[in-house]
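Colleague: From these two lone chains plus the hints, build me the complex, please.
Order-wise, the sequence lines are chains V and Y. Per my numbering, residue 3 is the first one in the first sequence, and the count goes up by one each step. Per my numbering, residue 11 is the first one in the second sequence, and the count goes up by one each step.
Simulated from the structure, these hints should not be mistaken for laboratory data. Errors might be hidden in some of the hints.
To be verified - Computed cross-link-like contacts, EDC-like style, restricted to lysine to aspartate or glutamate with a CA-CA straight-line distance of at most 20 Å: (1) Y:180 <-> Y:290; (2) Y:447 <-> V:53; (3) Y:447 <-> V:47; (4) Y:330 <-> V:57; (5) Y:330 <-> V:53; (6) Y:447 <-> V:57; (7) Y:330 <-> V:19.
Quick caveat: nothing in here was measured; it's all calculated off a predicted structure.
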Amino acid sequence: MNPVRTVRSRSVALAIDNIDTDQIIPARFLTTTTRAGLGRHAFNDWRWRADGTPEPGFVLNQPQAEGAAILIAGRNFGCGSSREHAPWALMDAGFQAVISSAIADIFRNNALKNGLLALVIDEVAHAELIAHPGERLHIDVASETITRENGRQVRFTLDPFVRQCLLDGVDELGYLTQRVALIDRYEARA
Amino acid sequence: MTARCLFDRIWDSHLVESPDDGRPSIIYIDLHLIHEVTTPQAFSVLRERGLPVRRPDRTLGTLDHSTPTLPRNADGSRPYLDAATLAQVTQLERNCVEFGIALRGWDSPDRGIVHVMAPELGRTQPGMTIVCGDSHTSTHGAFGALAFGIGTTEVGHVLATQCLLQRKPKTLAVTIEGALAPGVSAKDLTLHVVGTLGVDGGSGHVIEFRGSTVRALSMEQRMTLCNMSIEMGARAGMVSPDAITVEWLRGRSEAPQGEVFDAACARWLALASDPDAVFDREVRIDATRIVPTVTWGTDPGKTVAIDGHLPSVRDAATRKALDYMRLREGQQIAGEPVDVVFVGSCTNSRLSDLRDAAEILRGRKVSPRVRMLVVPGSERVKREAEAEGLHEVFIAAGAQWREPGCSMCIGMNGDIARPGELVVSTSNRNFEGRQGKGVRTVLASPATAAASAVAGAIVDHRTLTATGQAA
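Next comes chain Y alone, as it looks inside the complex (with noise of 0.2 Å):
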């Protein structure tokens, strides 16, 4: 039998139609994950035509974009940026009751970012289909699903057939060797990855992530590193299915209990790709070289080690990029002056993030010169951070400890910055104007983005020292 990889197994068991007179497959969605900003028009267009939610079983809701990061006001109401975000909100709550769809909301205390929301329950499996209406939805494939981002039209489109047409996309190997270095984390790994690649190096292809590296990784670290699949263009990522992945599903509320689960684990591990299994394009990543990295420009694959220098200008992107960053050509990163810190967002919003983060920043003080926001993931991450007192370690550091939600990544909810001040993010996109008109975003992993609040500045977090101060 011919080897085969993860993402032809999984194309091959969802296909509804596969017509070979040059019309497109229809494939069928497992899980379809909603949330308040790309879904209000998808809804309008099935009550303009009268179609019912074909699965609501298989449809999961939640609010986290344009939710407010601060606690309720003293009136017991919550302080949403403005009346479009709370209509926003109120719509999907609506649409949900209407079409009679589970909505993780308000009362919930599962809400939380989708993609950090849905694997915590379990309702990320391997094997499955997944989209919803956000790009960072490759984050799922880091359980062995294919997983992807659509639009509000295909959206529709799911919820009331519960499936798309698609065109079989191509595969891309990216084969990660050798163990990462003492303090550098997923998020480094995965910046040097978008580096390497580029912002269009997967454009067409999922990418499966594979190597002795990733299987080294734990589950919050693949899903930080699927997470960023699309910022290199590729329309999905994943990672096959090992002891790592069922451990960590074993025993979420809403995977599979018991004698079912057992068999479910032995179904999920067959998925993984031969090893023989062939890729339309291979991509060899050495970790053993790799240090804390973040980004300099305005696209995630403007990339730079910690301790590297800016490249110098050899063409009008970079030059814009530049600019618009207000850095020169040749200089190092380390040591620029930060205006504000965020940790969040589906990168890196979950438990082991803000301990990492918390790690940074215990018995030390974020700088004066520094705002730093602390936004747990969900509801979830919140409370298990609480039983830890990690919270009580950012606000003793100084910096703010938020409710759950997108907040800086997208600031869509009023959480951004002013223009022209510099944001070292744990997010997963350095736009311009991704967290404020004008304003300068550089991403990093939890532990630099805290070093860098205690500076003041970019530093190479392995470098501070007691007093905060790079050594």
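If we strip away everything but chain V, and leave its shape as in the complex, we get (with noise of 0.2 Å):
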């Protein structure tokens, strides 16, 4: 993985809360077998009317979310199904964080996991961020900041393993596979 240190950029809001994992990816577009690809069908659903064209009353849509690559959602961002494909699918359409009040397990584990930040701020902080989209915004992973146009900073707290993880690009993968003697260990014993 490579390393994720800060992110500037103008931030989006979509203000709802409990956006399951099926909005932001729907099921049809799981039948594929590479992680490429997804970015057009992110909230897919919400963004293309049937004949193919923009839903112009979608957020994403807008001329404001152009270039846009910090998504503000409401509380328990990603609920729902553990499809990987939905960090993927946002990454491709160009997101590299996501803030929320709240961030469900198994999405946020997942989109750490490929260097999409997925950051957890107080509900205060985040109703201030919803309220102000298109700001441009400073994250630093490795002072845990966000900083407003303002100046103002509003703090994240990320694992501190994953922080390292993600300021290093360590690969989980390759952390486990050096711990194999561990391993062999547990299973002599178990």
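Modeller: Dropping the structure here:
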């Protein structure tokens, strides 16, 4: 994995609670055997009409979403299915971070393993960011801060191990395979 | 000695490494279940790095999500939705051959929905750690296993190392007391529990379901309950093993046999939570007042008693859900016209579920306005149901009797409804578009689903008369 240290981008807000992974990427697009090309189908059924044209009322189709790599989402983002296609689709659609006041466990785990920053902030700060879509944010993984346009900082907390993996570009599979002696020992005594 | 709960016992006995310097624990996985949808990219990683599967003997595959539920074509081919679904299934078949993994595929009498198949075989056992790239892996917690869904990257970790990096979750006791009223099923109980806790009420926790209600449930019913733990955002759901657990496992082909089984039973029963075990949180639920329950909204926490009324609009989320479902605030859910009924999924496709549905349908007809699919959870369920003649009941009533698979629960194989149609479904998710774009899903028990098929509208199955009309 490539190191992920900072993200600087405008934000776009999707102020809906409990956005499940079926909305992020509907099941009919899971028939792929690769990771590539899922971006077009991110939020497919909210984003595209039946005839394939963009749904103009959907925020990600509006001009302010152009180039925004930081998604501010309602609470409990990513609930439901464990499909890792959800973070793959978001990343392929250009997102580098998702910020909410609560993010579902499996989605957060999947996202961070792919270098998509899934960040949880407190509800007051979350409401502030939702209320100011389009502002330029600077996410700094090392200091666990989001700096807003007005200079104010919002704190987030990452698992310290996950943070180090992001900063160093450490791949967890590599970490685990280096511990094979411990696994051998466990299997011998189990 | 301190009192301990089932989760603590399983967690502690599976620690490969438990560092005290801030790094996460490494836990060992006893059983890794795989299917065609969430594994191809993981096998690709193994191939790129030249890694073998560490323990093929602890890995078991099946085909369920993308597989057609219609019978073979006249030329013997399977009626796949498209080239992509066929390619995905073919890829898993190839991966299992290449990496030496047992696959309960098309040629196996055991093939089925992964969470139906593994328990049937006796592979799911108390005290195990079980993972699968599927969030409903929590189903296996019914046996007193620690079972949870993982993403594809973690599928790769388990294939290569049989281990996962994990932080210890918190524990939540959901204590349910009292007898369920006649006509109230485990699905009604489950929907009531999800409605009570909400879709993030279990977040960060492993749930243990306990109390007199849970103790009285059969293994099939416990699986229905644990299955929907993820719908509360929980990491896993589990039930302490007891006599019902071990009797269900006795004689299963891949469970221990003879004296080994007896020794295993003693070990399994000793895993149960101590009566005075302390949990991080507890929620108590009175089961005696639960009535048949369905969902009205677009997440499984938006539930309503079958004789109840929809909430009034208090927030944007309620408004959005009502609009999508084309329902009105304050209306009764009963009486809402139904287009499609689906009996199946890892929540409710076992023999007991099919019996519940057949009991309602016997001697009755599915309303002409309704299409009804009955999809058994596995080849074994299908055989056993046919041996009892249940398929004849379904067919005589006008329902379709299909081949085993996930079918309309996820709709990947083409089993979907049309935009705007209302589906009464025994599955686990009523998210927007889950059963097809624009499709409206109402989650229900097999009995409620079957009765609604007969009535052509959502109905309290307890009021169904001989003519199929609600009394």
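Colleague: The structure should be examined with respect to each hint, and the outcome stated for every one.
Modeller: Right, here's what the structure says about each hint:
| no. | hint | verdict |
| --- | --- | --- |
| 1 | Y:180 <-> Y:290 | holds, 6 Å |
| 2 | Y:447 <-> V:53 | holds, 13 Å |
| 3 | Y:447 <-> V:47 | holds, 7 Å |
| 4 | Y:330 <-> V:57 | holds, 17 Å |
| 5 | Y:330 <-> V:53 | violated, 23 Å |
| 6 | Y:447 <-> V:57 | holds, 14 Å |
| 7 | Y:330 <-> V:19 | holds, 11 Å |
Comparing the model with each earlier hint shows a violation of hint 5 alone; every other hint is respected.
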